[in-house]
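Number of protein chains: 2
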Amino acid sequence: MSVRSLCLAILSFGDATGYEIRKESTEGRFSYFEDASFGSIYPALARLEAEGMVTVREEPQAGKPARKVYSITEAGRTEFINSLCEPQAADTFKSPFLLIALNAAQLPPGVIRRALERRKAQVQEELRLLTSCEEGQECSHPGSSWTRDYGLACMNFTLAYLEEHGDALIKIAEDAARPLPAAAE
Amino acid sequence: MSVRSLCLAILSFGDATGYEIRKESTEGRFSYFEDASFGSIYPALARLEAEGMVTVREEPQAGKPARKVYSITEAGRTEFINSLCEPQAADTFKSPFLLIALNAAQLPPGVIRRALERRKAQVQEELRLLTSCEEGQECSHPGSSWTRDYGLACMNFTLAYLEEHGDALIKIAEDAARPLPAAAE
DNA sequence: CGTGACATGTAACGCGTTACATGATTAA
DNA sequence: TTAATCATGTAACGCGTTACATGTCACG
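Residue numbers (the UniProt record's numbering), protein chains in the order written: chain Y, 1 to 185; chain B, 1 to 185.
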């Protein structure tokens with residue numbers, strides 16, 4: 001999915017500025033789909049406006065540059081919905097953590113421990129994010145709840161698995177670190 | 001993770017040709033880390049050779065171009081292990097499927113059904129891949145088993161969740177498709 | 001007889017990231 | 001006072017993809 005579609009997706013849930021879109025795409029609910037940086041969002045927004053997919057309204061602020069609040073138009077909404085109807089790319093999961101796990105026997109136990117802790121912290125953070133959006137805002141939206149529950153279930157499962165089987169992974173590294181266990185008479 | 005590291009990672013598990021590396025990175029065990037195409041793999045391999053991280057041995061074949069089998073060197077192995085020791089990027093999950101789920105109420109039920117079936121098929125395929133590697137080859141490697149079991153557990157959970165809650169998602173789309181249910185007296 | 005797997009490689013192109021440019025306000 | 005948050009935007013650069021170029025063999 002391109003940054004263009006990401007902008008349309010986020011704006012279909014409500015008006016936003018470029019700055020806010022970036023936040024949602026890196027930290028918020030939309031981090032599941034794509035994370036984009038300013039350098040791609042601002043040009044994409046400008047292009048979408050030129051094409052009539054969004055409109056802008058400028059809100060001047062003292063000191064800061066004016067907030068440019070974007071709204072999706074009917075044309076934009078139509079394009080977005082249509083794009084969802086045609087076949088999507090497959091889901092992907094990229095895990096530097098699993099690469100470390102795969103090579104556990106070749107790595108110092110400390111590295112494994114840190115990687116495990118880091119991964120757990122990441123999952124907990126995502127969990128926190130998911131539950132925090134439960135209370136606030138416009139989360140009464142039906143698709144939102146389903147998606148949130150799905151994410152919650154997967155994250156909880158992952159966390160439990162890591163908690164239960166993490167030690168086994170550390171043990172792999174520890175066993176390999178002592179290269180001559182048979183020599184221990 | 002760059003294509004460079006991917007090549008090193010795969011070669012650290014055994015010799016391979018560029019063609020095989022590409023297969024492993026798109027279909028095989030290493031699809032968790034990065035998927036690369038020929039256009040990036042061949043140049044990366046050439047560079048790695050120039051830097052002494054890998055060596056090549058050419059195996060001429062009748063008709064086909066000679067297989068160029070790459071082996072990792074000590075220097076390459078060291079670089080790879082060192083790269084794993086320093087902080088890695090966070091794991092990412094990108095899901096076009098969840099974007100469809102999020103917008104279930106705005107989409108035709110048929111689209112939701114297809115997306116669900118597609119996602120389930122994908123998970124089943126990954127499951128099949130994971131179990132097939134269980135039997136064959138050099139999977140007695142300890143990190144491999146842990147990683148495989150982790151993948152298996154997550155995929156099984158995901159599949160079960162989709163099977164159990166998929167209907168609820170379809171219902172969201174169906175309910176929204178009939179826009180005036182209150183009018184049904 | 002055509003499609004797909006095997007097998008390597010280059011060149012053009014696109015997309016997105018990083019770094020830069022600017023600047024006020026607020027919390028530690 | 002120093003870092004972080006808010007706020008927009010551009011330009012250079014890197015990395016990877018897509019398409020091209022070439023050719024054999026096996027299977028249906």
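Fair warning: there could be bad hints in the mix.
No distinction is drawn between identical chains; accordingly, a pair holds when it is met within one copy or between any pair of copies.
List time: in silico BS3-like cross-link candidates among lysine-lysine, alpha-carbon distance up to 27 Å [stated by the list, open to error]:
1) Lys23 x Lys171
2) Lys64 x Lys171
3) Lys94 x Lys23
4) Lys64 x Lys120
5) Lys120 x Lys68
6) Lys94 x Lys64
7) Lys94 x Lys120
No lab work stands behind these hints, which were simulated from the structure alone.
The structure presented is a predicted model; accordingly, all values stated were derived computationally and were not measured.
Each hint, compared with the structure:
1. Lys23 x Lys171: Answer is neither; intra-copy 39 Å and inter-copy 31 Å both fail.
2. Lys64 x Lys171: neither (54 Å within a copy, 46 Å between copies)
3. Lys94 x Lys23: both (21 Å within a copy, 16 Å between copies)
4. Lys64 x Lys120: neither (38 Å within a copy, 48 Å between copies)
5. Lys120 x Lys68: neither (37 Å within a copy, 41 Å between copies)
6. Lys94 x Lys64: neither (38 Å within a copy, 34 Å between copies)
7. Lys94 x Lys120: Answer is both; intra-copy 16 Å and inter-copy 19 Å each pass.
In terms of the numbered hints stated before, the structure departs from hints 1, 2, 4, 5 and 6, listed from lowest to highest.
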